[in-house]
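**Student:** Here's the letter readout for the chains.
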Amino acid sequence: QKEVEQNSGPLSVPEGAIASLNCTYSDRGSQSFFWYRQYSGKSPELIMFIYSNGDKEDGRFTAQLNKASQYVSLLIRDSQPSDSATYLCAVTTGNQFYFGTGTSLTVIP
Amino acid sequence: DAGVTQSPTHLIKTRGQQVTLRCSPKSGHDTVSWYQQALGQGPQFIFQYYEEEERQRGNFPDRFSGHQFPNYSSELNVNALLLGDSALYLCASSFSGRASTDTQYFGPGTRLTVL
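Top to bottom, those sequences are chains A and B. With this note's numbering as the guide, the letters of the first sequence map in order to residues 701 to 809. With this note's numbering as the guide, the letters of the second sequence map in order to residues 418 to 532.
Among the clues, some could well be false.
[Stated by the list, open to error] The list that follows gives simulated cross-link-like pairs (lysine-lysine, DSS-like), each with its CA atoms no further than 25 angstroms apart:
#1 A:756 x A:767
#2 A:742 x B:430
#3 A:742 x B:443
Hints listed in this document are in silico derivations from the structure and should not be mistaken for laboratory results.
All chains should be built: construct the whole structure from the sequences, respecting the hints.
**Tutor:** Have a look at this one:
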């Protein structure tokens, strides 16, 4: 079983809509949770991190963490074509980062 | 404030050769982690260096080795290159003190092609 699982997509949403990206993890002892954005051919760029259960908002982005269900999600409000990228979920377990394979998001103008 | 830098940007090698990749961490950071990212996959953890020592290692063979220098910069060495080593190699830096899971910031990566 993979440590971190994401739906590879592709996920397509119209411009201005809300994009919802999901991630599940296998280890209940996981401590920290991160979302990175990666444009094609580029390196991952940190969007936000969350440590505690609940929601964390930063501009158009909201991360949601539910440790009991072992999932973390990212909501992107008012999606823009520039948000089209692969979104990577990362989880720390035992002092190590584990990444999912990423979800490809396309925002259609 | 300089971010994480990596060199070279691209590299082409042949099977059996050896390669060295370099990374300078973001200003104020003391920890460097290395990842391998194959096409269509997420980054896979290779190892992490802190205080010039390998603190954590992922599931990679001994052909992959590294080093951290007193100025916190780091090198990744890969010996006896295989075709399957072709990937984007990412360096990430963080400030972690005694914790090893603080937020990591990535460099631009080195694209290695093995022919």
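**Student:** Against this structure, judge whether each hint is valid.
**Tutor:** Consistency of the hints with the structure:
no. : hint          : in the structure
1   : A:756 x A:767 : 14 angstroms, holds
2   : A:742 x B:430 : 21 angstroms, holds
3   : A:742 x B:443 : 18 angstroms, holds
Checked against the numbered hints above, the structure breaks none of them.
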